[in-house]
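J.: One-letter residues, chain by chain:
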Amino acid sequence: MKTKEIKILGNECGECGGNYDVVADEPLMLYQLCGVGDHTTTIRLGEGAKAKVVFAALEGGDTSYTYRVELNGRGAEVELYGLFVAGTGDRCRIKTEVRHNMPDCVSNQVVKGIADGEGYGLFDGLVYVAPDAQHTEAYQQSRNVLLSKTARIQTQPQLEIYADDVKCSHGATVGQMEQEQIYYMRQRGLSEADARKLQLEGFMKDILDRIDNEEVRREFELRQMRVSESRKGIEN
Amino acid sequence: MLKVKNLHATVDGKEILRGIDFEVKAGEVHAIMGPNGSGKSTFASVLAGNEKFTVTEGTVEYEGEDLLELNIEERARKGLFLGFQYPVEIPGVSMANFMKLAVAERRKAQGLEPLTAGQMLKYMREKAAVVELDAKLMSRAVNEGFSGGEKKKNEIFQMAMLEPKLSVLDETDSGLDIDALRIVATGVNRLRTEQNATVLITHYQRLLDYIQPDFVHVLYKGRIIHSGDKSLALKLEKEGYDWLIADYKE
Chain A
1 MKTKEIKILG
11 NECGECGGNY
21 DVVADEPLML
31 YQLCGVGDHT
41 TTIRLGEGAK
51 AKVVFAALEG
61 GDTSYTYRVE
71 LNGRGAEVEL
81 YGLFVAGTGD
91 RCRIKTEVRH
101 NMPDCVSNQV
111 VKGIADGEGY
121 GLFDGLVYVA
131 PDAQHTEAYQ
141 QSRNVLLSKT
151 ARIQTQPQLE
161 IYADDVKCSH
171 GATVGQMEQE
181 QIYYMRQRGL
191 SEADARKLQL
201 EGFMKDILDR
211 IDNEEVRREF
221 ELRQMRVSES
231 RKGIEN
Chain B
1 MLKVKNLHAT
11 VDGKEILRGI
21 DFEVKAGEVH
31 AIMGPNGSGK
41 STFASVLAGN
51 EKFTVTEGTV
61 EYEGEDLLEL
71 NIEERARKGL
81 FLGFQYPVEI
91 PGVSMANFMK
101 LAVAERRKAQ
111 GLEPLTAGQM
121 LKYMREKAAV
131 VELDAKLMSR
141 AVNEGFSGGE
151 KKKNEIFQMA
161 MLEPKLSVLD
171 ETDSGLDIDA
181 LRIVATGVNR
191 LRTEQNATVL
201 ITHYQRLLDY
211 IQPDFVHVLY
221 KGRIIHSGDK
231 SLALKLEKEG
241 YDWLIADYKE
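Keeping their order, the protein sequence lines are chains A and B.
For what it's worth, my numbering labels the leading residue of the first sequence as 1, then goes sequentially.
For what it's worth, my numbering labels the leading residue of the second sequence as 1, then goes sequentially.
Everything hinted at is true.
With a straight-line cut-off of 25 angstroms between C-alpha atoms, the simulated SDA-like cross-links for lysine to any residue are:
id, chain 1, residue 1, chain 2, residue 2
1, B, K52, A, E192
2, A, K7, A, R218
3, B, K165, B, N189
4, B, K108, A, S191
5, B, K52, A, S148
6, A, K205, B, E105
7, B, K5, B, F22
8, B, K78, B, G64
9, B, K136, A, D212
10, A, K205, B, S139
11, B, K165, B, N6
12, A, K205, B, V88
13, B, K14, A, E180
14, B, K14, A, Q179
15, B, K108, A, E229
16, B, K3, B, R192
17, A, K95, A, R143
Hint data in this document are derived by calculation from the structure and do not stem from the laboratory.
Next comes chain A alone, as it looks inside the complex (with noise of 0.2 angstroms):
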């Protein structure tokens, strides 16, 4: 069985609109490192059928991701995975829609969000589960910090659920990089900044760890980079 593998690492997708069928034996996994604009996929998934995704706008700007996700079959599986980080004038929305139409189907999504500056970021992300959707499971989870006073960023998850046999659950929260986490780096002989850094790059990590291509992970790495250095000297 070989994966779909695709890789969007501009905008050569323009303003995207990416729509993508998925069925059993051939199981897509879609990366995106899209810039500046609307950028909107949907996937339908089959019987059987597993998606991935891991979508960063790190780039600034106003940039807005949008996943339509239909579980249509049996026992179809998706994980959604993303970051974006927003300085000042940059706005970044992420919309996520997840629809547990048929049994049996998971769905995993992780959406970090780092905000400094007068940074803006979105996260709104819905999970629907129909009725006859038993045996579903879905996770949802935003993790978002603030770097500075100025930054916003709103989450709303919402979970829809219309059956009683599912596992789901959900968790949402914005907070502030942890000073004890700096102090204990400090008191081991690391700079602020560089303490700064690297606990930035740890809270990006676990998006970075989901990609398994080489070319993306260090285009990923390339721009994770520019932005820890570009704000470790940043105040909380």
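The hints should help you fit chain B onto chain A, whose structure is shown.
T.: For chain B alone, kept in the frame of chain A given last:
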């Protein structure tokens, strides 16, 4: 090595340290004991430079320098190590990467060449063995998912890696079972030299069965109210603090 004179410190305007006098020479091991809330951990934090606390009076001289003029990392690079009572978890930051940077800073301050990747790996394995710490933990995130015992061993491992001159171990024994306690204590003893010194902050005499202190001090209400040799710890274990602190109770 360390000379503390009349040290006063506050947190959120509340005075916790109220005039500590304390001196450590190279080669010595000191134990600081005392009931809960007497200021032991605050003292350790103030020595490390924790910015939550404000020094309002007194002086601290370390290796002939004014310690209070140095920031947290400058103190660390000059060989002051604090073993945390509650080691901090840092998700996404691997032990190996963290130690690479920390060791590089320490060596730079000592005027030593940086280690090559191969030397670093070997060095880490060697030091992990000192505290029987599984070398596999090096690829994991700092303290994340470590057991209580592993976290404390990890503190001593880091101490071994950084070869400090002065180590202040804040309740490193708390929450350890007897095996982990023995391993941690053995590690500390193996790292002892004539050139370095250790300050153990502890609640219990039992750590001192494994690490022989030269001096034992009792801290109470932000002051060292009594000092003695190892026999003081035994007496405290038997008789508690009441005979000492009766005069200080309000």
